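Peer 1: Each chain, written out:
There are 2 protein chains.
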Amino acid sequence: MQHAKDDYAKGSWLTYRPEIKVLDCTVRDGGLINEHMFEDGFVKAVYDALVAAGVDYMELGYKASKRIYSRDQYGDWKYCDEDAIRRVLGDDTERPIKLCVMADADRTDYHDDILPCEQSVLDVIRVATYIHQIPTAVDMIRDAHEKGYETTCNLMAVSVVPERELDEALGVLAQTPVDTIYLVDSFGALYSEQVRDLILTYLKAVEGTGKQVGMHAHNNQMLAYANTLEAIIMGSNRLDATVNGMGRGAGNCPLELLLGFLKNPKFHVRPVLDCIQNSLLPLLDKMEWGFRIPYMLTGQLNQHPRAAIEMRNGDHPDDYLAFYDELTEEE
Amino acid sequence: MQHAKDDYAKGSWLTYRPEIKVLDCTVRDGGLINEHMFEDGFVKAVYDALVAAGVDYMELGYKASKRIYSRDQYGDWKYCDEDAIRRVLGDDTERPIKLCVMADADRTDYHDDILPCEQSVLDVIRVATYIHQIPTAVDMIRDAHEKGYETTCNLMAVSVVPERELDEALGVLAQTPVDTIYLVDSFGALYSEQVRDLILTYLKAVEGTGKQVGMHAHNNQMLAYANTLEAIIMGSNRLDATVNGMGRGAGNCPLELLLGFLKNPKFHVRPVLDCIQNSLLPLLDKMEWGFRIPYMLTGQLNQHPRAAIEMRNGDHPDDYLAFYDELTEEE
Chain A
21 MQHAKDDYAK GSWLTYRPEI KVLDCTVRDG GLINEHMFED GFVKAVYDAL
71 VAAGVDYMEL GYKASKRIYS RDQYGDWKYC DEDAIRRVLG DDTERPIKLC
121 VMADADRTDY HDDILPCEQS VLDVIRVATY IHQIPTAVDM IRDAHEKGYE
171 TTCNLMAVSV VPERELDEAL GVLAQTPVDT IYLVDSFGAL YSEQVRDLIL
221 TYLKAVEGTG KQVGMHAHNN QMLAYANTLE AIIMGSNRLD ATVNGMGRGA
271 GNCPLELLLG FLKNPKFHVR PVLDCIQNSL LPLLDKMEWG FRIPYMLTGQ
321 LNQHPRAAIE MRNGDHPDDY LAFYDELTEE E
Chain B
21 MQHAKDDYAK GSWLTYRPEI KVLDCTVRDG GLINEHMFED GFVKAVYDAL
71 VAAGVDYMEL GYKASKRIYS RDQYGDWKYC DEDAIRRVLG DDTERPIKLC
121 VMADADRTDY HDDILPCEQS VLDVIRVATY IHQIPTAVDM IRDAHEKGYE
171 TTCNLMAVSV VPERELDEAL GVLAQTPVDT IYLVDSFGAL YSEQVRDLIL
221 TYLKAVEGTG KQVGMHAHNN QMLAYANTLE AIIMGSNRLD ATVNGMGRGA
271 GNCPLELLLG FLKNPKFHVR PVLDCIQNSL LPLLDKMEWG FRIPYMLTGQ
321 LNQHPRAAIE MRNGDHPDDY LAFYDELTEE E
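Listed in order, the protein sequences are those of chains A and B.
When we follow the working numbering, the leftmost residue of the first sequence carries the number 21, and every step to the right adds one.
When we follow the working numbering, the leftmost residue of the second sequence carries the number 21, and every step to the right adds one.
Wrong hints could be hidden among the right ones.
Which copy? The list can't say, so a pair holds if one copy fits it or any two copies do.
In the EDC-like style, the derived pairs of lysine to aspartate or glutamate whose C-alpha atoms are separated by at most 20 Å in a straight line are [claimed, not checked]:
| # | residue 1 | residue 2 |
| --- | --- | --- |
| 1 | LYS306 | ASP338 |
| 2 | LYS306 | GLU188 |
| 3 | LYS64 | ASP103 |
| 4 | LYS286 | GLU185 |
| 5 | LYS86 | GLU185 |
| 6 | LYS286 | GLU39 |
| 7 | LYS41 | ASP335 |
| 8 | LYS286 | ASP187 |
| 9 | LYS118 | ASP76 |
| 10 | LYS118 | GLU185 |
| 11 | LYS283 | ASP345 |
By construction, these hints were calculated from the structure, which means they are not laboratory data.
A quick note: this is a predicted structure, and the numbers were derived from the prediction, not measured.
Given these sequences and hints, build the entire structure.
Peer 2: Following this line, the structure appears as structure tokens:
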């Protein structure tokens, strides 16, 4: 098997890198659209599809603090309590897919709410952090690691982080026991050349540590899949995607595109098509996800998609001109 | 102004290449969805938007043979007769935007239907050809050139052309008076690395001739914009796009994304948003364009989207599974 084509390409067209693992965050990122109020049957259908598709990891939702997020405003997948997961996915601790949750820095009672790994069906804790929360994130990583979990750190909104701060943050994270550090394009603002530079920066920061670098893209500029491919080319081995690109706002890298590209025969696109057709399309009359002009505009301006999401949920979801004028006047 | 960032990048983030020109093919490629039956007001609205946006070229449709394509089955923009263009866009021969038509090899009565340039409001003849039609295309290029037109050659379906044949074709075209040779990803099948290699191949073929290399992408794999960016990075200076990505099947590189990326201050995205909001969205209840799963599947298989278009127009447009099984059984 050939693992290097030329100086920058890490694979070739007819071989594959067995190190590449795919993480599906449909239920977690999609849950941001509907306050995590998915029905059990939907979560089970996605799970079954991912297992059949050969996907390596499934992210279910958040470990949100019940002090901060009132239980009556959100569905089960905001908290991912052990009993909710076991109710839907059973009690097995040996599964063909690893189960993950995201824990937001400063919004998770991680000491209490994250059980020791051997008491949980969960396998991976993904610590999401903004740059200023890194000290908290480091403590969360250590806590989860000591409890026996595989861990990732998802450093968000990196398109607005100055290089020097990024280098410092990566230096700190490289000294933690975290298994994977993710490049997270929260605003869907990165272009391919930036993805290349950033993945190289991340890879350099973890060199010699055995840690992996992951890619989590958003589709605001219709580049989520393309940027994920660039990350693969540069050497990223942990790839986030969602079924049909479902996710807040413009959504994520579509899993069906990614699996269609990856050559590892363990991956299968057919179960994902089944899931889209039978479980996701029926949701489209109450939930919206995917590329839209307002997300393009916030992406081009390297802004959080907050304003675009509000606009799409408001009374004039197609008044692109008014939204453009509002955004550019604020500049 | 800086024109080279490093070995492969031809621009930088804060400067721009004034050589880059944008060609809008909304009315031509979009016309493939509705047999070119656009109302005059729509064509004029697109024209006005493109002029205001600073776009360099507007493609109106085809110069189709009336012997082959019956006049009662198609709208005016299948033929682009001089009187139709003048009726909608006026008689000016000096315009802020160049008007183009596409002429398909073997489907155009070019000797008769293409007037001498000084008698026409048209500026550019774009010769579309499959690899086996190159001798005809060369004759069409010479004919249009002698009549005074700027010319392009759009060599279609290049993702299924063997390298040796492509090299021969480019060698032949380089000796014609054609002004621009386009890399055309008819099946939306190319990945960024292939775009890079192909643009370099095209650039090498025209080296020293003063000819330009263009990019015409399709969105079957959601890579039309990303691949157009790759073409820019590699040195392509002629970029095709369409308003809202309107075009047959999965459509094209969205103009609003491209203009949002290009830094030349002559380009403006606001008129394009206006056009989408007021002229394109109202068409969505009778026309469909843009990324859909069936186009992804034909793109991944490097096939013409014909079967996917039929499937979307049929009785089961969302039966992805049946379509997938049909496609993969044919393999």
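Peer 1: It remains to establish, for every hint, whether it holds in the given structure.
Peer 2: Do the hints match the structure? See the list:
{"no.": "1", "hint": "LYS306 to ASP338", "in the structure": "both (17 Å within a copy, 18 Å between copies)"}
{"no.": "2", "hint": "LYS306 to GLU188", "in the structure": "neither (43 Å within a copy, 54 Å between copies)"}
{"no.": "3", "hint": "LYS64 to ASP103", "in the structure": "within (15 Å within a copy, 61 Å between copies)"}
{"no.": "4", "hint": "LYS286 to GLU185", "in the structure": "neither (39 Å within a copy, 35 Å between copies)"}
{"no.": "5", "hint": "LYS86 to GLU185", "in the structure": "neither (32 Å within a copy, 65 Å between copies)"}
{"no.": "6", "hint": "LYS286 to GLU39", "in the structure": "within (12 Å within a copy, 46 Å between copies)"}
{"no.": "7", "hint": "LYS41 to ASP335", "in the structure": "neither (41 Å within a copy, 37 Å between copies)"}
{"no.": "8", "hint": "LYS286 to ASP187", "in the structure": "neither (36 Å within a copy, 37 Å between copies)"}
{"no.": "9", "hint": "LYS118 to ASP76", "in the structure": "within (6 Å within a copy, 52 Å between copies)"}
{"no.": "10", "hint": "LYS118 to GLU185", "in the structure": "neither (32 Å within a copy, 48 Å between copies)"}
{"no.": "11", "hint": "LYS283 to ASP345", "in the structure": "between (45 Å within a copy, 19 Å between copies)"}
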